[in-house]
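Chains as they are written, first to last, in my numbering: chain D, 2 to 440; chain F, 2 to 440.
Read the hints as simulated data drawn from the structure, not as lab findings. Do not take every clue at face value.
Note that the list lumps identical chains together, so a pair holds whenever it fits in one copy or between two copies.
The list that follows gives simulated cross-link-like pairs (lysine-lysine, DSS-like), each with its CA atoms no further than 25 Å apart [stated by the list, open to error]: (1) K188 <-> K29; (2) K407 <-> K57; (3) K359 <-> K427; (4) K156 <-> K177; (5) K391 <-> K188; (6) K434 <-> K103; (7) K138 <-> K188; (8) K282 <-> K322; (9) K282 <-> K327; (10) K57 <-> K170; (11) K57 <-> K177; (12) K427 <-> K322; (13) K170 <-> K216; (14) K254 <-> K391; (15) K434 <-> K390; (16) K138 <-> K282; (17) K138 <-> K327; (18) K103 <-> K156; (19) K434 <-> K130; (20) K57 <-> K156; (21) K407 <-> K216; (22) K390 <-> K327; (23) K13 <-> K216.
Here the structure is a predicted model, which is why all the values come from computation and not from measurement.
Protein chains: 2
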Amino acid sequence: MNIILLSGGSGKRLWPLSNDIRSKQFIKIFKRADGSYESMIERVYRQIKSVDADAKVTIATSRTQVSSILHLLGNEVNISVEPTRRDTFPAIALATAYLHEKCGVPVDESVVVCPVDPYVDDSYFAALKDLSAQADKGNANLVLMGIEPTFPSEKYGYIIPENSDPVAKVRTFKEKPDMETARGYLKEGALWNGGVFAYKLSYVLNRAHELMDFKDYEDLFHKYDTLKKISFDYAVVEHEPEIEVMRFHGEWKDLGTWNTLTEEMSEPVIGAGVLGENCEKVHIVNELSVPVLAMGLQDVVISASPQGILVSNTDASARIKPYVDKLPDRIMFAEKSWGEYRVLDVDTSSMAVKIVMKPGHHMSYHAHHVREEVWNVLSGSGTAILDGKKIELHPGDSLRIPCGAKHTVSADPADGLVMLELQIGKEISVEDKTKYPME
Amino acid sequence: MNIILLSGGSGKRLWPLSNDIRSKQFIKIFKRADGSYESMIERVYRQIKSVDADAKVTIATSRTQVSSILHLLGNEVNISVEPTRRDTFPAIALATAYLHEKCGVPVDESVVVCPVDPYVDDSYFAALKDLSAQADKGNANLVLMGIEPTFPSEKYGYIIPENSDPVAKVRTFKEKPDMETARGYLKEGALWNGGVFAYKLSYVLNRAHELMDFKDYEDLFHKYDTLKKISFDYAVVEHEPEIEVMRFHGEWKDLGTWNTLTEEMSEPVIGAGVLGENCEKVHIVNELSVPVLAMGLQDVVISASPQGILVSNTDASARIKPYVDKLPDRIMFAEKSWGEYRVLDVDTSSMAVKIVMKPGHHMSYHAHHVREEVWNVLSGSGTAILDGKKIELHPGDSLRIPCGAKHTVSADPADGLVMLELQIGKEISVEDKTKYPME
């Protein structure tokens, strides 16, 4: 099976564990059998591979998420990078062109498009395989997955099929309804629209060429930021008479907010935390190293990270977005392809950042123009390059990097490298970075 | 007036704002007229001086608090340092001898002894002056302050006076009663015992010589750790027939726990914090730089510091001590005479500590034997001495301090000095420190 996972998300609804770099699908919150934690994207990727070891997975995402994806999934996965955000139609068209031209998938093969973050069991991915097989048959141009509703939800759009067969023609679509209308839909046999569908590559490539002026993948990629923002629903689905829907009745959840996420936590405390007297339905997710102590609370979620601290009634936690929008948006932590960093301290003319580099990985060769930096090795070892000169780094060593000096470091292939980076200057900004090719 | 302020406290009940170094009286939580915050000890000292500008204030405390006291009050105040903890009788005897021999107070002058942390208005300190004047009269060996109870409390001991005159002989003392008994005491005209009393120096010095074998202050100081632990009540008050009590009917509160402290906060949020929807009676005290967001909570106190995060129902917050006892007790921040430090990161073989030094101040000349350190200057400037050699320090400079190397630094008299200290080694401990005289 070919599958495109759409990976987006602003990172506001699961603050402080998510931020503008770490979207919700990258939070390590699901316990593995071995006691370690995995993120939603790792969980979904693992599930796909367990159902179909040969599945060709392509993740369609923005530039800002590439490093996090490489950090979590390594180089096995294909990534279709959107140069800018242009809504789902351009993104799906680009990923489809990528699949054909970069991954060699023939145009008469089908592909399944699916969000990167459904909380489901393996039967869901078996159903995706069936969806793909149904698209292969070519009875319709698009085959949607319709999820059997378990309750009349106001949160989802609905698909009204022509009959209750396992696969049926779609009669019509309905926007998110109110509760009363939702009850009526359920009586009619309506299905939730989870945004999952399959098609033959040729279908979307043809629609793309009709709607956008481009030659091939490279051309589409290069003119991507000139494209109109338009959703796949609006550009394609609404104009397509030949759509089928395939029913799915397994578990399907969208864990997009703290109240839904905590329901699926297998234990009440992740990280350093203590539930004291009279705590009921209290969840702690703490990514700081210092402990959280909760006393006498009911129905509360507490989460702490280098980004901040949330303490919320569980129901109210679904509505944090407007409050988070007003908080400072400096990125305080991120996972990158080469490892991860955390901001430890922000002062008026300095910032301290802890950098943990994976063994054998290296940063880009870059320079800053209005700040100097000092690298201090805490553990592991590595080789820095400073304006073309190699410098070996060991614990206790400091390397001063003047404004404008080109620099990079590679971590020892066995030990990795942990450093404290001090940024010193009046105008410290992530924008102050110029990348260079290695000399 | 001479006054001895007893400064003790374990720092558990107001965790995470207090720790083994910063007791509750050092937390900056009371808003000054200028918008800045002061601690209980600063507030009390300021109040004493406003009532009696000539008051001679001596703080009786343990070695561990000296640096915090100097940090907050500077050198104006006298400090009687207890070499070890030996309960209130040895502490009061030592402070009384200190007052006589080190501060030149004649033995027929009186002194008032008072805890360092009553939450009171200025009239309380005017009453202390009256208490001292009453002791001067010599009608009794001890004059206690008796606080007019505002409700039948189970939290305080009671003083039963012989009559209801402003000053009366004490008939008897009662231990903390149950509610029913407390109601009975109130009908009898009993008073709360706030642990405040006055005496002539000669009285306590004589009792001290009767009960302990010592020549003078220096001798008492040097044999202090051989003294028996015994309270002033048990050693002196219980055996003294000539005790008077003076009534005080102003406001008097003991702000020893989060529930009592938050009642006196003039605003719900101190530090970076946002009260979102439906928050009622929620208090945030946040000493971290990242924000706390509270949503849909009632009667909750949230406090965050480098030590940890407390989220507690307000009533339950009075009972945090046994839970805090089980938390890691590494000191994560402290105020010292020369400035303050905060631990930013603890790793398996390194620790990162931010050090803010006051202008013109310096550390002790010291060495570590199983760790090396690297000092990184973030802002300000200073002069380090490393094994006798002077080294000027400016922003961006790093100084590597090998194991065993003697080192100190003094902060620039104008700019002060802010540094990031990295400690590197397998066994990092506050015990690994040897002080040396300057060469």
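Results for each hint:
{"no.": "1", "hint": "K188 <-> K29", "result": "neither (39 Å within a copy, 62 Å between copies)"}
{"no.": "2", "hint": "K407 <-> K57", "result": "neither (38 Å within a copy, 61 Å between copies)"}
{"no.": "3", "hint": "K359 <-> K427", "result": "between (31 Å within a copy, 21 Å between copies)"}
{"no.": "4", "hint": "K156 <-> K177", "result": "within (6 Å within a copy, 58 Å between copies)"}
{"no.": "5", "hint": "K391 <-> K188", "result": "neither (71 Å within a copy, 85 Å between copies)"}
{"no.": "6", "hint": "K434 <-> K103", "result": "neither (30 Å within a copy, 61 Å between copies)"}
{"no.": "7", "hint": "K138 <-> K188", "result": "neither (30 Å within a copy, 93 Å between copies)"}
{"no.": "8", "hint": "K282 <-> K322", "result": "both (22 Å within a copy, 23 Å between copies)"}
{"no.": "9", "hint": "K282 <-> K327", "result": "between (28 Å within a copy, 22 Å between copies)"}
{"no.": "10", "hint": "K57 <-> K170", "result": "neither (28 Å within a copy, 92 Å between copies)"}
{"no.": "11", "hint": "K57 <-> K177", "result": "neither (32 Å within a copy, 74 Å between copies)"}
{"no.": "12", "hint": "K427 <-> K322", "result": "neither (31 Å within a copy, 43 Å between copies)"}
{"no.": "13", "hint": "K170 <-> K216", "result": "neither (33 Å within a copy, 104 Å between copies)"}
{"no.": "14", "hint": "K254 <-> K391", "result": "neither (51 Å within a copy, 65 Å between copies)"}
{"no.": "15", "hint": "K434 <-> K390", "result": "within (20 Å within a copy, 38 Å between copies)"}
{"no.": "16", "hint": "K138 <-> K282", "result": "neither (49 Å within a copy, 63 Å between copies)"}
{"no.": "17", "hint": "K138 <-> K327", "result": "neither (50 Å within a copy, 64 Å between copies)"}
{"no.": "18", "hint": "K103 <-> K156", "result": "neither (37 Å within a copy, 76 Å between copies)"}
{"no.": "19", "hint": "K434 <-> K130", "result": "neither (44 Å within a copy, 65 Å between copies)"}
{"no.": "20", "hint": "K57 <-> K156", "result": "neither (31 Å within a copy, 70 Å between copies)"}
{"no.": "21", "hint": "K407 <-> K216", "result": "neither (38 Å within a copy, 70 Å between copies)"}
{"no.": "22", "hint": "K390 <-> K327", "result": "neither (44 Å within a copy, 51 Å between copies)"}
{"no.": "23", "hint": "K13 <-> K216", "result": "neither (37 Å within a copy, 70 Å between copies)"}
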